[in-house]
Amino acid sequence: MKNLNLKSLLVRPEVATFIMFVVIMIGFYLANERFLDARNIRIVMGITPEYMIVAIGIAILMISGEFDLSVGSVFALVPMTMVQMVHQGVPPWFAIFLGLMIGVIVGFVNGFITLRFGIPSFIATLGMLYIARSLTTVATAGFPPPFPHILPNELFVYQFELFRASLYWALLVAFVLGIMLHRSNVGNWIYATGGDTNAASSMGIKTNNVKMFCFILCGFLAGFAGMIQTFRLEAPLPSQGYLLELESIAAAVIGGVSLFGGIGTIFGACIGAILIRFLESGIIMARIDAEWFRAGLGSLIIIAVVFNTYISRRATRIGQNKAKD
Amino acid sequence: MEDIIVCKDLNKYYSGVHALKDLSLKIKKDSVVGLIGDNGAGKSTLIKILSGAHQPDSGHIYFEGNKVKFKSTKEAMNLGIETIYQYSALIPEMSIARNIFIGREQTQYNVGNFGLMKTKTMQDDAMKALTDVELHLRSPDTPVNQLSGGERQGVVIARAMYFKSKVLILDEPTNHLSVKETNKVLRFVEGLKSQGVTSIFITHNLSHVYPIADHLCVMARGEKIADMEKKDTTIDHLTDLLVNG
Ligand SMILES: Nc1ncnc2c1ncn2[C@@H]1O[C@H](COP(=O)(O)OP(=O)(O)OP(=O)(O)O)[C@@H](O)[C@H]1O
Ligand SMILES: [Mg+2]
Chain A
1 MKNLNLKSLL
11 VRPEVATFIM
21 FVVIMIGFYL
31 ANERFLDARN
41 IRIVMGITPE
51 YMIVAIGIAI
61 LMISGEFDLS
71 VGSVFALVPM
81 TMVQMVHQGV
91 PPWFAIFLGL
101 MIGVIVGFVN
111 GFITLRFGIP
121 SFIATLGMLY
131 IARSLTTVAT
141 AGFPPPFPHI
151 LPNELFVYQF
161 ELFRASLYWA
171 LLVAFVLGIM
181 LHRSNVGNWI
191 YATGGDTNAA
201 SSMGIKTNNV
211 KMFCFILCGF
221 LAGFAGMIQT
231 FRLEAPLPSQ
241 GYLLELESIA
251 AAVIGGVSLF
261 GGIGTIFGAC
271 IGAILIRFLE
281 SGIIMARIDA
291 EWFRAGLGSL
301 IIIAVVFNTY
311 ISRRATRIGQ
321 NKAKD
Chain B
1 MEDIIVCKDL
11 NKYYSGVHAL
21 KDLSLKIKKD
31 SVVGLIGDNG
41 AGKSTLIKIL
51 SGAHQPDSGH
61 IYFEGNKVKF
71 KSTKEAMNLG
81 IETIYQYSAL
91 IPEMSIARNI
101 FIGREQTQYN
111 VGNFGLMKTK
121 TMQDDAMKAL
131 TDVELHLRSP
141 DTPVNQLSGG
151 ERQGVVIARA
161 MYFKSKVLIL
171 DEPTNHLSVK
181 ETNKVLRFVE
191 GLKSQGVTSI
201 FITHNLSHVY
211 PIADHLCVMA
221 RGEKIADMEK
231 KDTTIDHLTD
241 LLVNG
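Those protein sequences? They're chains A and B, same order as listed.
For the record, in the first sequence the residue sitting at position 323 is 323 according to the numbering used here, with numbers rising by one throughout.
For the record, in the second sequence the residue sitting at position 208 is 208 according to the numbering used here, with numbers rising by one throughout.
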């Protein structure tokens, strides 16, 4: 029985990712001992939370069977509008609220177009990628505006000894949504919807509502994470979050989220996001040309998916052979 | 015996295809009804209407004597009509326990329709539900894709039993199953009768349903061409109807 539990643990994709994470961390540490000293951890974990939050939103949406390619653009649009609204005299907290609502609205529009017209979310959100980026540039109005210091950015990014406040925000998001996805009935509906939409709806689940919820959540989280980045940099940049959509899908996939829906965990998505950031840092610290980061990330994606596919095939086969006995 | 379901003059069109033509049917309580017919005869169409997945273009359905109009499968399920679809009844990647409770999770700390699942209770009840249909599996946490085809049908039947269905509709439950697995499913279905469940068993393999059916209904080209008690017919007669329409 114990043996069986260990086996079923090992076939969990996020566990494989975690092992990969540990191996890579040790590898970079051996290449350069300063890789794991407090200074480097402070630097890497200062920027990671923003990516974790986006990856969590993407992971949940992918588990429900859909994609969002617009997260990178929303990541820029939301904080840009917040900043511009504050410059127009909107009270800071109200500007934050309205900004986050833009993320919600983009998520809703993504969901509406995808579900109402029955087109792939890949396409609907690809369109939104361009639209939201374009709106960000328009909202920038020429050159990036200064950061208004009446915005309560310390609350989100204050630098403690080792970590920033943003890490605790990210952990809070991970915890709350982890409970939602893994322990609540809504989570069960999300997995069912992504696993087999027809079967789920034949069991009475309103699959369109479930997907819509995930689209909105994803848009909201992308905007929230973008806000944190702008608050950290104290500079709203229209180029913020460029290519982030692909990187968040990469994080989710490395963390064991299936491209076909129905499989994945919050933990996996977080590990995926953290792994990518440490990979980037490790490559720089090992004095390898930074251009190798993308090659490393690319290899990691392929290895992770090949490995997970192999493992889950094996697990299925073992199970079926056992059942036949 | 009283009729649990009565259909009157059901018609259904699919963009030009007249899939169901003035179909009337009575189903007796606690019986096993075999619904047979060649590919495209309209069997799935009929049961989709009975299960609330589709709505008829005309005609009426009575359930336990009351006229009903199902707008969704949920409405039919709430009355106790549970359907096992031809292709999709379970989510392969999800565990047995989670599959049994999809859409009907046992929850606590509820806020409106949402709440945290009582995982332990669901696992225990899932195991009990499986044992009730004589299905003995190792763990309620096994993903369904690790089960054999017959076991999967068993899980679906256990689910229907657990939620006290009155009518269980099975669309080709023995498709792609080995002889041994088929017999397992037939035994599940036979067991339903004594537990007060009416079942409608759809197949185009007469030899599967004949041994366990009380009543047989043959469809062809959207019409009912025969409808009789098993005692009033023979397997040869039914085969002839199936082949020659
Ligand atoms: N959603 C749909 N849209 C259009 N036509 C449909 C649809 N569903 C069924 N049909 C048509 O209606 C007719 C009856 O189909 P149905 O699926 O009810 O047959 P069946 O008896 O279940 O066949 P099988 O044994 O192959 O499952 C067929 O001609 C089919 O092509
Ligand atoms: Mg059919």
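It should be emphasised that the hints constitute simulated quantities derived from the structure, not laboratory data.
Every value quoted in this text rests on a predicted model; they were computed, and no experiment measured them.
Please note: incorrect hints may appear among the correct ones.
[What the hints assert, rightly or not] Now the in silico label distances, taken between C-beta atoms and shown as ranges: (1) B:V111 with A:S239: 35 to 43 Å; (2) A:V306 with B:E134: 35 to 43 Å; (3) B:E229 with A:N208: 41 to 49 Å; (4) A:V22 with B:S178: 37 to 45 Å; (5) A:R314 with B:S58: 34 to 42 Å; (6) B:H18 with A:L259: 34 to 42 Å; (7) B:K128 with A:S239: 57 to 65 Å.
Beta carbons are placed, not taken as given, at the ideal position from N, Cα and C, and that holds for glycine.
Hints and how they fare:
Range check, V111 of chain B to S239 of chain A: about 40 Å between beta-carbon atoms, so the 35 to 43 Å window is met. The supplied range of 35 to 43 Å is met by V306 of chain A and E134 of chain B, whose beta-carbon atoms lie about 41 Å from each other. The beta-carbon spacing between E229 of chain B and N208 of chain A, approximately 44 Å, falls within the hinted interval of 41 to 49 Å. The hinted window of 37 to 45 Å between V22 of chain A and S178 of chain B holds, with their beta carbons roughly 44 Å apart.
Against the hinted window of 34 to 42 Å, the Cβ-Cβ separation of R314 of chain A and S58 of chain B comes to about 53 Å, which falls outside the hint. Roughly 40 Å separates the CB atoms of H18 of chain B and L259 of chain A, a value that falls within the hinted 34 to 42 Å. Between K128 of chain B and S239 of chain A the beta carbon distance is about 58 Å. The supplied range of 57 to 65 Å therefore holds.
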